[in-house]
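Dock chain B with the ligands against the given chain A, drawing on the hints supplied.
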Amino acid sequence: MSDEKVYILPCSGIGKVFGSIGREAAYIVVDELAKDKTKLECLPLVVKGKKEIIETLKANKVIVIDGCPMRCSYNDITEAVGKVDAQFMSTDIVKERRDLKPEKQIIPMGENAKKLSLILAEKIASKVNELLEENRGGDE
Amino acid sequence: MSVKPKIGIIACSGENEIGGTLSRAAARIVVEKLRPDNTVILCQPLFMAGGLERHGGQEERDFAKTHPTITIEGCQEECAKIAVSNYSGPPAATIHVQEIMEKYPELQPESKRELGVAGMKLAKKIAEKIAQKVDELYNI
Ligand code: SF4
Ligand code: SF4
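One line per chain: the protein sequences are A and B, in this order.
The first sequence begins at 189 in the numbering used here and counts up one residue at a time.
The second sequence begins at 1144 in the numbering used here and counts up one residue at a time.
Just chain A, same shape as in the assembly (with noise of 0.2 Å):
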């Protein structure tokens, strides 16, 4: 199916960083890396229970981004939709990426935390790659 696509929602988190390294990422996958095999929604719809939207994710992969342990994302999507097929956290990439100190400051993000956003699109990336691959086999 050449219309396949791999929803992504990114919490929609606005008190710290860490929402935004998200968000920025999601916004690397589906604007760049990975175009026209990814789609972007907007959570809280979700949240309040829009029908076509749940449906939809019910019917496609689903890709959620959380950026603190309260995985609102995570944990939204898995109530309203029933699953969740690959999972990431912003701070897991901090966390490996000591090197790149995000800056606090959101608008605009700074540039350690610009190259965070990339380095996690990218892992966002192959895990649309993987998942439209395991479509496929489940296709055959």
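Be a bit skeptical, because a hint or two may be false.
Here are a few chain B residues that face chain A, going by a calculated C-beta distance under 7 Å [stated by the list, open to error]:
1) Asn1159
2) Arg1167
3) Leu1189
Just a sample of chain A residues kept apart from chain B, beta carbon distances all over 10 Å, derived [as the list claims (entries may be wrong)]:
4) Lys239
5) Ile242
6) Glu284
7) Lys289
Derived by calculation from the structure, the hints in this document are not laboratory data.
These numbers were taken from a predicted model, which means no experiment stands behind them.
All residues carry an ideal CB built from backbone N, CA and C; glycine is no exception.
Using the frame of chain A, we list chain B with the ligands on its own:
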């Protein structure tokens, strides 16, 4: 009562709409710059029903039950207002980003990822409107 309670600012923060990005930026301007002493920011996805023992959103919901809240909506879906109303009670005020966007057609944001100079000016206008609401609520 000598100390007035802080007002909770809940931006829908939707990732898939330009209005969501503006709501997020405006909320941060209010909480960081315009009314730092009178407001706090709350993450909208923490209002999701169920799974609170895993999820940890009870504190946010309780805060919103006992404090006035202002929701900021990126589009007509009104995700923040509905989530807050469902789980904590109706917000004291709701700001619709699109109404302010229509007032300033000359201020066009670059994209939902990067607001750019004009987009940030627009976010500031939205923030001023929110700050005005904060003052109104404080003067009641
Ligand atoms: S996971 Fe953390 S940063 Fe993201 S919306 Fe939830 S509380 Fe906020
Ligand atoms: S109100 Fe609109 S922009 Fe905001 S989260 Fe909901 S659907 Fe997205």
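- Those earlier numbered hints the structure runs against, lowest number first: Hint check: nothing fails, all pass.
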